[in-house]
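Colleague: One-letter residues, chain by chain:
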Amino acid sequence: MAILIIAEHNNQSLKGETHKVVQAATAIGADISVLVAGLNCGTAADEAATIAGVTKVLVADNAAYEHQLAENVAALVTELGKDYSHILAAATTTGKNFLPRVAALLDVAQISDVIAVESADTFVRPIYAGNAIATVQSADSIKVLTVRPAAFRAAETGNNAPVEAIAVVKDAGVSRFVGAELTKSERPELTAARVVISGGRGMQNGENFALLNGIADKLGAAIGASRAAVDAGFVPNDMQVGQTGKIVAPELYIAVGISGAIQHLAGMKDSKVIVAINKDAEAPIFQIADYGLVADLFTVLPELEQQL
Amino acid sequence: MKILVPVKRVIDYNVKVRVKADQSGVDLANVKMALNPFCEIAIEEAVRLKEAGSATEVVVVSIGTAAVQEQLRTALALGADRALHIETDLNPDSLQVAKLLAKVVADEQPGLVILGKQAIDSDNNQTGQMLAALTGMGQGTFASKVVLADGKVQVTREVDGGLQTVELTLPAVVSTDLRLNEPRYASLPNIMKAKKKPLDVKAADSFGVNLQSNVKLLKVAAPAMRQGGVKVESVAELVDKLKHEAKVI
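Chains as they are written, first to last, in my numbering: chain A, 479 to 786; chain B, 924 to 1172.
Hints listed in this document are in silico derivations from the structure and should not be mistaken for laboratory results. Glycine included, each C-beta is placed from N, C-alpha and C at the ideal position.
Partial list, derived from the structure: chain B residues whose beta carbon lies under 8 Å from chain A: (1) Q1049; (2) D1083; (3) T1088; (4) N1137; (5) L1141; (6) V1162.
For reference, chain A alone in the conformation it holds in the complex (with noise of 0.2 Å):
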């Protein structure tokens, strides 16, 4: 058995999620290769090298690889993976695009969203927006799988691991980047942040999600929103907490206006603390909430902010 995990990164550094899905791995237990595919994207291959339990990184440092175009990015790892047991990437935009892609290539299933190893053929995972909670067994020659980075914590670093350079060019010619608007945020990713404040409908308008900006600074806290207020066109739907945007576990979730719509709790019911703050004493987020504040945000924010 070995291992292939495919990095997350930008090309200058990597991505927290690929240490959580190092964690996942080493619960499979064999060697493991990380794949760095990008760009000038040495330093991202270094930081992979420093993760405990990685036996080797394998850079494929190519133009065809820096936007992390599915089709080419496939074939690359479609070819490296003939000789690996298990192919893994995290469960984000960019693992969820080449990972089918590469199971259907291999023809093996796709075990999406993996959040517990029970063994190195038997994953669980999430269904029906996380009311149900399945465990598959597979009998796959490759087991293939995409992980949920909120539920594994992040594997030690302190290694050093060699990095070996992969030459082969996978250009499929079919796609192209255009162009990419991506949010630019002093602020720790919504992903990995350990604490997580998100506004919902009852901010009222995008202007009011300045409110959470001195909290947050305090508390070095991502900033989140329910996907009632991302639909209303307050924010971006990058900050989007939720079964079809991100799923976060963060140690304290503080939701704010947000009625706790069941989207909405899939993608943050596993945070250690959460804090429901909101003036309908009958909302279902309170159900879920270790500590309630019925109140008016409006009245509260600017309260919370100077206590803390």
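Given the structure of chain A, go ahead and fit chain B onto it with the hints provided.
Modeller: Coordinates of chain B only, in the frame set by chain A:
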């Protein structure tokens, strides 16, 4: 240009999901079923492209028992031109579905395939990507905007850091995200008209695809319930609890 829209019949998104006592799955007996919401968005997008003159025909396809014809009729009422029902009692996984759809693509030769990014029952988010792989097509997943021009399609995708736009050579596969469009409701005259639109039925075994999955479902359990906690009376009390009881700040 023809657009192929594969759709799935799933539990209605408003229904509370109940796990069976024997842990063999989710109880679907006498439960309201509906078109998967992401599939509705796919149909809407295809119909809009036809209305804009970018496409000439919208073909919907679904796999399952005779019951899926209900969702195919809904799709026809929403503006699709004709439907194909691939009949099977089995519940094929994404890879098997993608293999069947690849055969349909070979028969129908669509210029574009638009489908939902995931079904709200199995939550796999795989079929579109697998279909693209098996047919050698490019893919624009999690689309929030689709623009056709000069034999290519530009797809703006919802990615973790924001938005990304890719350009794909046609034919291509597009999978829909929530903000691509707001699906219309079927009008009564269109529901009546849909009853007369063509709906072909083909047996799944006539496609020469092995429908057995190598993944076995061992059990389905209800998730651990989270217990609600306490209500606090003031911000001061909240801050105190977070500092001294929960010790998270």
